[in-house]
Amino acid sequence: MEITEIFKYLYEQLAASGLPQVWVDIVALACAGVIVFGFLAVVALFLVWWERKVSAHIQQRFGPMRTGWHGWRQTIADAIKLLQKEDIIPTLADRPVFFWAPVIAFVAAFMAYITIPFGDGLIVADLNIGILFIVAITSFTVISLLMAGWGSNNKYALLGGMRSAAQVVSYEVPMVVAICSIVLFAGSLSMVDIVQSQAMIYQWYLFRLPFGPIAFIIYIIAGTAETNRTPFDLPEAEQELVAGFNIEYSGMKFAMFFLAEFINMFTVSAIGTTLFLGGWQGPFLPSWMWFLGKTLFLVFVLMWFRWTYPRLRVDQLMEFSWKFLLPISFANLILAGLMKYSGWFNW
Amino acid sequence: MSEAQGLHTKEFTLNVGPHHPSTHGVCRFVLQMEGEVITSVTPVIGYLHRALEKICENRTYEQIIPITDRFEYCTAMSCNMGFSLATEKLAGLEVPERAEYLRVIMLELNRIASHLIWFGTTSLDLGAITPFLYGFREREDILDMFEMTCGQRLTFNYIRPGGVSKDIPKAFIPVCKKFLDAFSAKVDDYERVLTENPIFIARNKDVGILKPETAIAYSVSGPSLRASGVKYDLRRDDPYSIYDRFDFEIPTRENGDCYDRYIVRIREMRESAKIVRQAIEQIPEGPIRSKVKMNFKPPAGEVYCRVENSRGEMGFYIQSVGEKMPLRVKMRGGSYNQLQVMPVLCVGHKIADLVAIMASMDIIMPDVDR
Numbered sequence: 001m002e003i004t005e006i007f008k009y010l011y012e013q014l015a016a017s018g019l020p021q022v023w024v025d026i027v028a029l030a031c032a033g034v035i036v037f038g039f040l041a042v043v044a045l046f047l048v049w050w051e052r053k054v055s056a057h058i059q060q061r062f063g064p065m066r067t068g069w070h071g072w073r074q075t076i077a078d079a080i081k082l083l084q085k086e087d088i089i090p091t092l093a094d095r096p097v098f099f100w101a102p103v104i105a106f107v108a109a110f111m112a113y114i115t116i117p118f119g120d121g122l123i124v125a126d127l128n129i130g131i132l133f134i135v136a137i138t139s140f141t142v143i144s145l146l147m148a149g150w151g152s153n154n155k156y157a158l159l160g161g162m163r164s165a166a167q168v169v170s171y172e173v174p175m176v177v178a179i180c181s182i183v184l185f186a187g188s189l190s191m192v193d194i195v196q197s198q199a200m201i202y203q204w205y206l207f208r209l210p211f212g213p214i215a216f217i218i219y220i221i222a223g224t225a226e227t228n229r230t231p232f233d234l235p236e237a238e239q240e241l242v243a244g245f246n247i248e249y250s251g252m253k254f255a256m257f258f259l260a261e262f263i264n265m266f267t268v269s270a271i272g273t274t275l276f277l278g279g280w281q282g283p284f285l286p287s288w289m290w291f292l293g294k295t296l297f298l299v300f301v302l303m304w305f306r307w308t309y310p311r312l313r314v315d316q317l318m319e320f321s322w323k324f325l326l327p328i329s330f331a332n333l334i335l336a337g338l339m340k341y342s343g344w345f346n347w
Numbered sequence: 001m002s003e004a005q006g007l008h009t010k011e012f013t014l015n016v017g018p019h020h021p022s023t024h025g026v027c028r029f030v031l032q033m034e035g036e037v038i039t040s041v042t043p044v045i046g047y048l049h050r051a052l053e054k055i056c057e058n059r060t061y062e063q064i065i066p067i068t069d070r071f072e073y074c075t076a077m078s079c080n081m082g083f084s085l086a087t088e089k090l091a092g093l094e095v096p097e098r099a100e101y102l103r104v105i106m107l108e109l110n111r112i113a114s115h116l117i118w119f120g121t122t123s124l125d126l127g128a129i130t131p132f133l134y135g136f137r138e139r140e141d142i143l144d145m146f147e148m149t150c151g152q153r154l155t156f157n158y159i160r161p162g163g164v165s166k167d168i169p170k171a172f173i174p175v176c177k178k179f180l181d182a183f184s185a186k187v188d189d190y191e192r193v194l195t196e197n198p199i200f201i202a203r204n205k206d207v208g209i210l211k212p213e214t215a216i217a218y219s220v221s222g223p224s225l226r227a228s229g230v231k232y233d234l235r236r237d238d239p240y241s242i243y244d245r246f247d248f249e250i251p252t253r254e255n256g257d258c259y260d261r262y263i264v265r266i267r268e269m270r271e272s273a274k275i276v277r278q279a280i281e282q283i284p285e286g287p288i289r290s291k292v293k294m295n296f297k298p299p300a301g302e303v304y305c306r307v308e309n310s311r312g313e314m315g316f317y318i319q320s321v322g323e324k325m326p327l328r329v330k331m332r333g334g335s336y337n338q339l340q341v342m343p344v345l346c347v348g349h350k351i352a353d354l355v356a357i358m359a360s361m362d363i364i365m366p367d368v369d370r
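Heads up: the sequence lines are chains A and B, in that order. Under the working numbering, the first sequence has 210 at position 210, and the numbering climbs by one with no breaks. Under the working numbering, the second sequence has 115 at position 115, and the numbering climbs by one with no breaks.
Derived by calculation from the structure, the hints in this document are not laboratory data. A portion of the hints provided could be inaccurate.
Okay, derived cross-link-like pairs now, BS3-like style, lysine-lysine, Cα gap no bigger than 30 angstroms in a straight line [claimed, not checked]: (1) B:274 - B:170; (2) A:323 - B:205; (3) A:323 - B:10; (4) A:155 - B:350; (5) A:53 - B:186; (6) B:10 - A:155; (7) B:274 - B:89.
From a predicted model like this one, the values you see are computed outputs, not experimental measurements.
Sequences are here, hints too, so could you generate the full structure?
Have a look at this one:
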């Protein structure tokens, strides 16, 4: 039985129980939220382990091997360790700001999943402004980084926070413009509509020459920058700023930043899958498998970047965004508009 | 806009180190920063001072050799070599032919090992973590060869006054040949990862330009000097041991920026491999150490001997009064002068460039502090 049918069955049972419709919807949404939360927690733990394995094999190591099969229990052990750690707050820190920063990072990372279609019909809420909602919600991460940098009362953290604010804001622009060109073609902001507009493989926006691949590359570059990963990991540049904005964080607060980072990486890949790789669509396998497979492939690409490239310098980073990515993304948007208008490749 | 007029920017002091991921040990910098831009750099040293030169005054010449291992532990062989050369000159000791070849083989392998550490840490400091492990992978092979020969992997105590401590085992030469055959391809791999990488080039080109006259004024030596276009290598210009018998290039570059220092060191690794290969082919049979009396007493006098190590000129000054222990030992390391020139190079650059410049100068703290 398909997962969606199970959900549908449960929903019908709930509706038949005599509760008012409002309450049925609220309960259903809450359940969906809990399911997504649980799923993402597992995904985050899995991604941490996977990153360690991928990096290890790129570097000709084994990575964690002792805890379970190829060390699969390693991140669970790490999470338990982090939970047990003493929660240290620096004496001169701005306590409320310091406290709320990881919470906001965590919440912002999870909120995006409300409108991401995990499969055919597997979506918490198909908002008609889906992609806009995601872009808006993920921008909250900047605020949390800035708060962490400011609240820690540490010069390294402050430099890291300032860097991340500048970086995330400037990479948001080309990213949104790249997304716009897709929205233009799909004719809708709804994630489900966007997926449905690329039913066959040649209809994937990645393969709609020439604007599709360009938009995809811009999106992946900007997405890497959004998630603060190498070559754009300046906010936490280990060799310069030691750990950047999260230098003063320990224990579970650090874990929240850490998990948020991995969730964001998954978000970027999931949006990339939805916009460019046809979302859940594919033959034979169930739709959620296609979605997960494509998303994990993009996650792997991001990891591949991280373990291959050196880091850019802060001024080069800004130049790259404003002087290179942004003009190209605008030119690409105009190109996409012309294509749409003239009806080329309007499969 | 009255509120905006009240706002102003302020320089601030940033303390980097003594424990900071990219200071290669325990170096400390006090930086004056204007945002991300450095306006002044003050290196603070002494965190790794172990009074080794003083300890040497209470040891016999042979007992000093294991202490020299600790002077600059990335290239312990050249420390052994520098001190042994100085002692031999002072006491008039002969070195057998085979020992000279063994010395050259070990020195050059150690130079490669040291450059591999530099390669790894440079890429690490620029944020690329993977090349670090590649560098250490090859270094492991070299350390295995050292272990095979003298039982040690870091502090060798191998080169002694009058020769070397042990002959190489039979298995050494095939293992070394195998390593050398594979090494060239490995260096190609490194170059593929970094040399042509646009991010790497952007981070290194025109960063930390060391002009030849500045380099000479600050007594910068070694690859950092050669990257500025000064063709000066003690192996060629003041040959010691048997370096005059080998055919090798001295790589130089013109600009003296971080990228040139990178290229020079990469090419130097290839040249060192070339020397090792020649030495292995030419090595004669024979004794490995001349007869040296225990607790020998060199005649009174003073001597300065220098060798080219991977960080520049490493010199040993020994003053003897005819006793079995020296009166005074002084070591000169290349890193000290390279650290001295850091403020000149870093001012006006970003904090990320400080890390890149320090990495490209290949400064390590045991060489500075002793």
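Quick rundown of the hints versus the structure:
1. B:274 - B:170: 21 angstroms, holds
2. A:323 - B:205: 20 angstroms, holds
3. A:323 - B:10: The hint holds at about 29 angstroms.
4. A:155 - B:350: 15 angstroms, holds
5. A:53 - B:186: 23 angstroms, holds
6. B:10 - A:155: 13 angstroms, holds
7. B:274 - B:89: Holds. Residue 274 of chain B to residue 89 of chain B sits at ~28 angstroms (cutoff 30 angstroms).
Every hint, counting from the list given before, is met by this structure.
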